[in-house]
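**Q** Going down the list, the sequences are from chains A and B.
0 is the number of the first residue of the first sequence in numbering that gives the first Met the number 0; add one for each residue after it.
0 is the number of the first residue of the second sequence in numbering that gives the first Met the number 0; add one for each residue after it.
No lab work stands behind these hints: they were computed from the structure.
For each residue, glycine too, the CB sits at the ideal point set by N, CA and C.
A portion of the hints provided could be inaccurate.
[Unchecked claim] Over 12 Å on every C-beta distance to chain A, these chain B residues come out as not near it, computed from the model:
no. : residue
1   : A39
2   : S83
3   : Q268
4   : G274
5   : S348
6   : Q378
[To be verified] Okay, derived cross-link-like pairs now, SDA-like style, lysine to any residue, Cα gap no bigger than 25 Å in a straight line:
no. : chain 1 : residue 1 : chain 2 : residue 2
7   : A       : K204      : A       : M222
8   : A       : K204      : A       : R117
9   : A       : K146      : B       : A240
10  : A       : K146      : A       : A244
11  : A       : K146      : B       : L341
12  : A       : K269      : A       : A244
[As the list claims (entries may be wrong)] Per label pair, the in silico range of CB-to-CB distance:
no. : chain 1 : residue 1 : chain 2 : residue 2 : range
13  : B       : E420      : A       : N327      : 38 to 46 Å
14  : A       : N327      : B       : G204      : 23 to 31 Å
15  : B       : G336      : A       : A254      : 29 to 37 Å
16  : A       : D329      : B       : G241      : 50 to 58 Å
17  : A       : E404      : B       : D23       : 47 to 55 Å
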Amino acid sequence: MIAKNRGRVLLVATMVLVAPALCWGSGFALFEVGGRQAGMAGTMVAVGDDLSTLFWNPAGTAFQTDQGIQLMFGTTLIQPEQTIYGSSPYPGEGYQADQVSQTFFPVHVFLGIPVNDRLEVSFAFYNPFGLGTEWEDDFLGNFISKKADLMVFDLGVSMAYQLSEDFAFGIGVDYMVAEIELTRNIGLINPYDQRLTNVAEASLKGEGVNSAWAWNAGILWKMGGGFSFGASYRSEFTINGGGKADFTQIPTGYADFDGLLSTFFPFDGKVPIEASIAFPDFWNVGLAWQNEKWTISGQYGVMGWSAYESLPIIFPENPEFSSIREENWDDAAQWRIGVEFRASQHWDLRLGYLEDETPQPAAGMSPLLADGDRVSNMVGLGYHTDRFRFDIAYEKVEIDTRSTEGQSPDGFDGTWEGQSPLLHMSITLKF
Amino acid sequence: MKKTIFALSLVALLAAAPAVAQVDFTNYVALGDSMTAGFASASMMDWYQDRSYPAVLARQAGASTFEQPYISEPGIGPIYELVSLAPQPVIQPVGLAPGMPYNYEYPYPYNNLGIPTATLYDMIFQTGDLTNLEQGNFDTVFFDIVLRNGINTALEFAIGAQPTFLTVWIGSNDVLSAVLAATPIDGITMTPVDFFAGLYNNAVGALSTNTTADIVLINIPYATQTPFATSLDPFVDIPGAGRVYLMADTGPLTDGDLVTLGGGALIAQGYGLPGGPPLPDNLNIITGEPGVVLREAEVEMINDHIDGLNAAIDQTASAFGYPVFDINALFADIVSGEFVPLYGGVTLSADFLLGGIFSYDGIHPQRIGYALIADELIQFINAEYGAEIPRVDMAEVLFEGDWQSPGVSPAKAKQTIMSAEAFQRLYDLFPPKLDQAPRIRRPSADRPEFTGRDMRVKPATRP
């Protein structure tokens with residue numbers, strides 16, 4: 000009889016393992032590639048006049064050959080806040096929980112080397128995707144996700160060529176490396192007291208180098224009269240990776256129940272896993288106007304999250320745990336507008352505004368990531384000399400309060416509320 | 000002009016449209032059997048009564064009063080406990096004296112009129128008298144505890160209470176004996192469909208005629224899909240010999256046959272195994288000994304019979320305009336996996352012991368299962384009546400412990416899934432009526448004729 004139940008228990012365990020990774024959202028995408036661009040809401044596709052353009056439009060560096068060798072590096076401090084207001088049947092009306100306060104600091108390092116006055120070769124290292132969530136030990140959603148850390152590193156090389164005084168193009172290749180760790184509890188009904196009980200903690204962690212290749216391209220056209228137009232494309236990519244799952248038993252106080260569970264779960268060692276994650280493409284078009292004092296730039300982009308249709312997680316040695324879950328996200332659009340005012344010879348002031356649509360269906364929101372449409376307001380300040388510049392920007396992201404509308408596939412319904420302050424900083428050195 | 004006429008028509012239509020219906024739980028009465036009483040682990044006990052689906056529904060709907068015929072721990076039964084899980088699960092009644100009723104002085108009809116063991120016929124015609132208990136007679140213990148006065152039946156009490164809302168979940172016991180005895184016999188272990196249909200129509204007709212309550216009817220789940228029938232395989236895996244199909248006194252079992260939990264103790268003694276005596280397949284009409292094997296054809300026969308009873312329920316509901324909560328489909332979907340109850344990443348299932356829905360008797364839900372039923376019923380009522388009854392907080396239910404911190408008793412019992420004693424107690428509660436065909440309990444001779452008109456005045460009505 001217990002053996003007959005084994006399949007069901009394994010099904011439970013499989014769902015427990017797979018569910019967290021289903022809920023990555025637009026918050027999974029990062030645009031934190033420089034203090035200056037952040038102050039202008041990332042509207043660099045049609046501007047492209049600092050090294051952050053290696054993310055936004057690789058053609059931009061073709062117009063920077065007169066700057067010599069440039070090195071730009073920096074980070075962004077992110078402190079996401081999120082609250083769930085529960086609804087019945089689970090976690091119940093009146094339930095409220097806040098995410099553990101954490102600070103993340105994705106980095107960016109760009110190096111631009113002019114080959115001649117028309118050609119520049121550049122190298123980039125930054126985080127185009129990332130996610131981090133953590134909940135308290137008594138959180139009722141710990142069976143879905145207790146802690147999640149995901150970071151994608153982009154090691155890119157690109158070249159930009161100025162076809163004429165007004166027009167340039169750029170292309171690049173990206174070597175993407177992903178690191179991921181997901182932790183959650185496994186809950187079962189204890190047959191002795193018929194109470195939902197933590198029986199194990201499951202941790203899935205990537206091992207080795209899980210990587211994929213991607214490419215990017217862009218054009219930048221200075222149309223005259225201070226106007227410029229830019230367009231760029233970053234390809235989608237899929238990381239097929241491997242790792243290990245680690246199951247740690249939590250004693251229930253009932254020895255034979257614990258013993259029974261040890262026949263279901265591989266508590267005695269790590270078991271290999273394989274996973275496949277599709278990342279979206281990203282295209283942008285932008286229009287900008289500049290004079291000596293002002294830069295005004297607008298931009299429209301779409302992230303192709305519809306590529307994220309499903310998430311397979313395979314246990315080669317424990318196929319009973321393997322599962323494929325449907326996601327079916329949507330492409331997500333974003334509007335940006337940014338302004339820079341060059342107030343003096345050394346000081347610049349910036350403002351930015353961003354509306355970023357979520358790709359995540361409302362029902363898919365979970366403790367791993369509960370995303371909503373985002374609005375960001377930015378303010379930035381820059382100081383520069385001929386060979387040095389320091390840029391800083393403060394950004395406040397407000398995420399739309401959003402309900403799962405009773406459709407959560409994890410059975411965790413409620414209304415999610417979130418926001419995040421970000422502090423972007425970068426230093427640029429010119430040689 | 001046309002526009003004016005159109006506008007006026009629209010206004011008239013809007014005015015004529017019924018307002019969003021609401022349900023009134025000021026006086027909610029639940030008619031039914033053990034499933035309504037909150038019977039769990041072969042016991043009727045206050046802890047589970049407070050977690051019965053009608054009690055949960057009443058709380059969620061904000062009913063100010065919902066009185067029940069409480070029985071102290073460990074209930075009557077008494078309740079089963081799991082004494083060990085490995086190497087073989089052992090379930091047996093707790094070794095305590097049965098509980099006693101303690102809310103029997105409540106001066107009005109109980110809101111919960113669910114009576115364990117009651118068939119449809121019993122709901123209409125059977126009375127109960129507390130003096131029976133006082134004289135030490137336990138034959139009709141649940142009727143005596145719920146009905147008390149020796150005069151009125153459950154149906155009469157329900158009508159007399161003049162409820163504002165009423166649920167009726169009756170009929171499970173009109174077929175349950177076929178599963179418990181592993182022998183479907185129309186008229187012996189199953190109430191004939193035509194007989195049931197007539198009674199059901201009359202009962203609902205009486206409720207419709209004599210009350211103004213909003214009524215929800217609940218149909219009958221497949222008892223063949225409960226863990227009592229599905230937990231044991233028709234074979235055993237013997238090291239070195241491989242898979243060996245069990246032997247019954249009617250021949251070897253095959254895939255598709257079911258062995259009830261009542262067979263667990265026998266298999267542990269060697270019954271059905273090579274060299275051992277065969278398992279009893281069917282009910283022994285002479286001795287009353289139950290069978291423990293449901294052949295595939297018998298399962299089909301029982302399910303077909305339940306389909307027939309449910310068709311009768313549908314027909315009556317349609318005639319009187321009452322909605323039917325299809326709990327049969329709900330349980331069937333849970334068993335098939337088409338519906339997976341999922342709460343915060345934790346799934347429940349119909350599996351025995353580990354599934355979280357059924358109690359230790361393998362037939363009745365435990366508190367999580369009853370809460371699940373209440374939650375589904377609330378969604379049904381909200382949809383049917385445009386009501387806004389809040390759903391059940393399953394987090395509270397899931398993390399609440401059982402009625403006691405049981406600990407693990409010394410495993411001196413037989414190494415089997417359900418001890419023979421436990422099975423016998425369960426079987427005794429729901430026996431086939433071998434001396435009656437069809438199973439009919441005649442109303443007592445001195446009981447007044449059952450008429451709708453008289454019923455309202457007999458029982459004391461709540462203020």
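**Q** Could you run down the list of hints and mark each one as holding or not?
**A** To see whether the hints hold, each was checked on the structure:
1. A39: Incorrect as stated: the minimum Cβ-Cβ distance to chain A is 10 Å, not above 12 Å.
2. S83: Incorrect as stated: the minimum Cβ-Cβ distance to chain A is 6 Å, not above 12 Å.
3. Q268: Given that every Cβ of chain A is farther than 12 Å from that of Q268 of chain B, nearest at about 17 Å, it holds.
4. G274: Correct as stated: the minimum Cβ-Cβ distance to chain A is 23 Å, above 12 Å.
5. S348: Non-interface label fails for S348 of chain B: nearest chain A Cβ at 5 Å, not farther than 12 Å.
6. Q378: 9 Å, violated
7. A:K204 with A:M222: 50 Å, violated
8. A:K204 with A:R117: Status violated; Cα separation ~45 Å.
9. A:K146 with B:A240: 48 Å, violated
10. A:K146 with A:A244: Distance ~14 Å between K146 of chain A and A244 of chain A Cα, so the pair holds.
11. A:K146 with B:L341: Distance of about 21 Å is within 25 Å: holds.
12. A:K269 with A:A244: Holds, because 5 Å separates the two Cα atoms, which is no more than 25 Å.
13. B:E420 with A:N327: 38 to 46 Å: Violated, since E420 of chain B and N327 of chain A (Cβ atoms, about 54 Å apart) do not stay within the stated range.
14. A:N327 with B:G204: 23 to 31 Å: 50 Å, violated
15. B:G336 with A:A254: 29 to 37 Å: Given a distance of about 31 Å, which is inside 29 to 37 Å, the answer is holds.
16. A:D329 with B:G241: 50 to 58 Å: About 53 Å separates the Cβ atoms of D329 of chain A and G241 of chain B, which means 50 to 58 Å holds.
17. A:E404 with B:D23: 47 to 55 Å: 28 Å, violated
The structure is inconsistent with the numbered hints 1, 2, 5, 6, 7, 8, 9, 13, 14, 17, although it conforms to all the rest.
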